[in-house]
Every structure is written in C-alpha cells, then in structure tokens.
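Residues per chain are reported as follows:
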Amino acid sequence: MTSLLLWISNARWMVYIRDSSFGMPALQSVHLVGLTMLLATVLVLNLRLAGFRMMEWPLSSLERQLRPWALGAITMVIFSGIIMFLGNPAKYLASYPFLFKMTALTLAILLQFRVVRGLSTTDAGSRPRRTDILVAGLSLTLWFAVGWAGRAIAFV
Amino acid sequence: MSLLGWCQWLEHTPLATAISESVWLFPLIEGTHIMALPLSVGLMLMFDLRLLGLAFRGGSAATMMADVVRWSKVGFGVMFVTGGLLFMTQAGKAYGNTFFRAKLLFLLLLGLNALVYHALFVPKMTQWDAAGRTPLGARVCGALSLVVWIGVIICGRTMAYQF
Chain A
1 MTSLLLWISN ARWMVYIRDS SFGMPALQSV HLVGLTMLLA TVLVLNLRLA
51 GFRMMEWPLS SLERQLRPWA LGAITMVIFS GIIMFLGNPA KYLASYPFLF
101 KMTALTLAIL LQFRVVRGLS TTDAGSRPRR TDILVAGLSL TLWFAVGWAG
151 RAIAFV
Chain B
1001 MSLLGWCQWL EHTPLATAIS ESVWLFPLIE GTHIMALPLS VGLMLMFDLR
1051 LLGLAFRGGS AATMMADVVR WSKVGFGVMF VTGGLLFMTQ AGKAYGNTFF
1101 RAKLLFLLLL GLNALVYHAL FVPKMTQWDA AGRTPLGARV CGALSLVVWI
1151 GVIICGRTMA YQF
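Sequence order for the protein chains is A and B.
Mapping to the working numbering: the first sequence position 94 is 94, numbers consecutive.
Mapping to the working numbering: the second sequence position 122 is 1122, numbers consecutive.
The hints are simulated quantities; they were obtained by calculation from the structure and are not laboratory data.
Heads up, the beta-carbon is just placed ideally off N, CA and C, and yes, glycines get one too.
Please note that a few of the clues may not be correct.
Unchecked claim - Distance ranges between label pairs, derived from CB positions:
no., chain 1, residue 1, chain 2, residue 2, range
1, B, Leu-1003, A, Tyr-96, 41 to 51 angstroms
2, B, Val-1147, A, Phe-155, 28 to 38 angstroms
3, B, Arg-1139, A, Thr-141, 33 to 43 angstroms
4, A, Thr-141, B, His-1118, 26 to 36 angstroms
5, B, Pro-1027, A, Phe-113, 23 to 33 angstroms
6, B, Val-1023, A, Asp-123, 44 to 54 angstroms
7, B, Val-1023, A, Asn-10, 26 to 36 angstroms
8, B, His-1012, A, Thr-75, 41 to 51 angstroms
9, B, Val-1081, A, Phe-113, 31 to 41 angstroms
10, A, Arg-114, B, Val-1074, 29 to 39 angstroms
11, B, His-1012, A, Glu-56, 48 to 58 angstroms
One chain only, chain B, in its complex shape:
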C-alpha cells in the first residue's frame, strides 16, 4: 500500500469517521490541540528566551529545564495525541498539503535540534550555568527552536484553510 493509500485508509477507519461525524468530538480535539500550544511550544519558547539571554536572567538554565522544559513534555504528549487524531480525520487531504509537509519537516528539524542540544550542551550545563555564560552553540539551538516553532504554528494554522 502506498503512503497516500494508507492515509486514505486511515481517514475511513471507524475511529476517524466517528470523530468527523461527531458534533462535539472534532471541536473538542481541535480546541485541546490549540489550548495545549502554550503548555508545549510556549514553554519551549520560554526556555529559548533563557538560552538567548532575552528573559529569565539571574537564574539557572538547569532550573528552567526542571521547572519548564520537563512540563512542556506533558503538553507535547497532548499535542501528539490530539494532532494524530486530527490527522486521521483528514489524512488524505493532509498528505498532499504543502503546509502539512512543511510542518512535519519543521518538527523533524526541531527534534534533531533538541537531540543536538541534549548531546552537546546538557552534560556540561552545571559548568556553564555556574560561569553565567550560555555557550554560543546552545544559543544557536535556542534561536533555531524559537524561529522554527513559530513556523510550525504558521503551517499548522494555514493548512486548515486549504482543506
């Protein structure tokens, strides 16, 4: 089965049709997807501001990791579940949509960015935290995250206008 074929099959599964045909299920899932934005992306943006030195000065990045980044994972969990369900209901149309494809590409890029950040800068965080200076590479990760997450939001909102 081709990828497009799989998307079309997905759209016609009992779960997908149940969501599409329900009066309140689709708005509820879509609303949850949007209202989880501040808890997921929003909290990541807060951490990016810390890395860039644009806010949260006078406190450690380690505390931000524990108090902000950790909780954003709950938000991202909600995002993936609700996003997956929304995708199911429109999978065939989403498949060929440029903005949907760009969104996936951006998410992949953000995943790689997070991996790089965790591999290169988290192990030595206590040292650069104590020195009070964020490494240039970590700042680049923060800037990339800030810009690309905004791109994800724009793509996500725009794709809905093309269905």
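For reference, chain A alone in the conformation it holds in the complex:
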C-alpha cells in the first residue's frame, strides 16, 4: 500500500500536476467551486428539512431536484481531493486535521445521503419535528466541520 502510494506520488503525470504553476491552483479551484455548490445545496435542503425556509417546495421534490447538483459537486470535490492527496500522501496521512476531515466527511455523507434522503421520502407528519431539526443541525455541523478541518490542513 505504501509503495503503491509512493509510486503514484512520483509518477510523471503527478509530478507534472504538483509542480507545474497551474496544476495545484486548478485543482484547488475545482475543489472550492465544488465546495461552494455542495454546501449551498446541503444548506438549502437542511433548512427545508428543519422547516425553517423554502416551505413552498415539498421536501421530496427539493431533494430530487438538488440531487444531481449535489452529486456533481461532491464528484468535483472528491475527484480533486483524491488527486491532491495522491500528490503528497505522506503529508496528509500524518495530518490530524486531515484524518478528522475524512472521519467527519464519511459521517456527513452517510447522514446526508442516507438519513436526510430517507426522511425526505417519508411523510414528515409521521415523526416529531424535533427529529428533522436535529438531523438537519447535525448534518450542517458535520459538513461545515469538514470544511474547517480542510482549511486547518494547510495551517496545522
């Protein structure tokens, strides 16, 4: 595993991306545009789930319409993120913010694409509203923790 990571991080295409003047800015830009889009869809959807905003749209309709944008955005973020990771695996694996970020990300994805999606396809009247508020709050907390942890990788 270690030798595979090392081999990839020294592959010619990887060195080119990592050390060229535009490779990293381009990857980081894709990462940030994806983050903006992803967290905005998550924000709108969770505010609707909690029953605070966007009440004109049924939750299930909103979830269905935002799904392609959320999936597109998360693809951008994960794709650019994996390439950045592969460029310097030793640095990331030794970084506590990175390990925290991956843990929070896994939980956020599970909560958002399992629990929130599940709640959005069942009748809201069948459960207490505080469940919706709790799930929405937890999901938003996790997603923004992922973002802050990501920023911390550069500084810690």
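Using the hints provided, position chain B relative to the given structure of chain A.
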C-alpha cells in the same frame, strides 16, 4: 499618493501587521472567508439555478428572493469584511496581481448584473412568477451570474499561489 503607494501603506498599518504576524488571526480570517463561500456565492448560485429553470421548479422566484437571496447578503457582508482584511495584509502584492485585478473586475460586473436584474426584472416578478415563465433577460442575468461567480472563485484561489 499613488494607488500602489496607498496599497503599500495599507500593508504596513498596525492592523495589517498584527494580522500578518499573528499565528491564528490570518488562518481564522482566511478560513472564515472560504467557509462563507456557500452562504454568499453558493446561495446566489442556487437562485441562478432557479432563474435558469435548472432546479427549484414548482416554487416561486419571489420565495427564493426572500428565503435565499436575502440571507446571502449576510454571507456577502462576511466576505467583504474578511476579504478586506486579507487584502490589507498583502495589498502591495495584490495590487499588481492579474488574478486579483480580474477578480475585482468580475465583482464589478456582477454588481452591475445585479443592478440590471433588480431594475428590470424584480418590479414585475409577481407577474412572471404567476405566469410560471422566467423572462429571457432574467435568465441571461442568471447565466452570467453563474459563470462569473465561478470565475471569481477561480481568481481568488489562484491569486494566493502567486504571493
């Protein structure tokens, strides 16, 4: 004093040096600037999707204005304060930076775009909302906003690599 001279003076004000020299102040301000992206630009992109009919179908643009666009102003407030502080710490270098200049130009363009949208399409919003059809001009504003905001993010991220 020239504009460059003013930028260099700004960089050496006590506030700017305090931010640059602090271990946690710069990361905190920069992190806030980035984490406010979804609250500002992100929510605008959501409204653009509504104007273009690419999401939020079955609901009114007026509700989107009240529930999304209004709250993005809070995000933009945070953006301008943190962005201004970040600029102070590197004003001299930012002044001559192509990506920084492009970013400012894009922001100006987005401001004008928003003004046009507010002047031409907001007054009659209830009518075209009720008709269920977004005017072509409003859709053009939405498309422009979508593309140029992405340009702002790219310029903002790229300029940091040149300091």
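Inset, instruction - Using the Cβ atoms, figure out if Val-1023(B) sits within 26 to 36 angstroms of Asn-10(A). - result: holds, 33 angstroms
Inset, instruction - For the range 41 to 51 angstroms, tell me whether the beta carbons of His-1012(B) and Thr-75(A) fit it or not. - result: Hint holds: Cβ distance 44 angstroms, inside 41 to 51 angstroms.
Inset, instruction - Starting from the range 28 to 38 angstroms, see whether the pair Val-1147(B) and Phe-155(A) falls in it by beta-carbon distance. - result: holds, 31 angstroms
Inset, instruction - Look at the Cβ atoms of Thr-141(A) and His-1118(B) and judge whether their distance stays inside 26 to 36 angstroms. - result: This hint holds: roughly 34 angstroms between Cβ atoms.
Inset, instruction - With respect to the beta-carbon atoms only, verify the hint that Val-1023(B) and Asp-123(A) lie 44 to 54 angstroms apart. - result: Holds: the Cβ-Cβ distance is about 51 angstroms, inside 44 to 54 angstroms.
Legend entry - Hint check for Tyr-96(A) and Leu-1003(B) - Cβ pair distance inside 41 to 51 angstroms: Roughly 43 angstroms apart at Cβ, these two residues keep to the hinted range, so it holds.
Inset, instruction - Determine whether the Cβ-Cβ distance between His-1012(B) and Glu-56(A) falls within the hinted range of 48 to 58 angstroms. - result: holds, 52 angstroms
Inset, instruction - State, for the Cβ atoms of Val-1081(B) and Phe-113(A), whether the hinted interval 31 to 41 angstroms holds or is violated. - result: holds, 34 angstroms
Inset, instruction - Take a look at whether the Cβ-Cβ distance between Arg-114(A) and Val-1074(B) falls inside 29 to 39 angstroms. - result: With a Cβ separation near 30 angstroms, Arg-114(A) and Val-1074(B) satisfy 29 to 39 angstroms, so the hint holds.
Inset, instruction - Confirm or reject the claim that Pro-1027(B) and Phe-113(A) have a C-beta distance inside 23 to 33 angstroms. - result: Between Pro-1027(B) and Phe-113(A), where Cβ atoms are some 30 angstroms apart, the hint holds.
Legend entry - Range hint 33 to 43 angstroms (beta carbons of Arg-1139(B) and Thr-141(A)) holds or violated: holds, 36 angstroms
The structure fails none of the hints (numbered hints given earlier).
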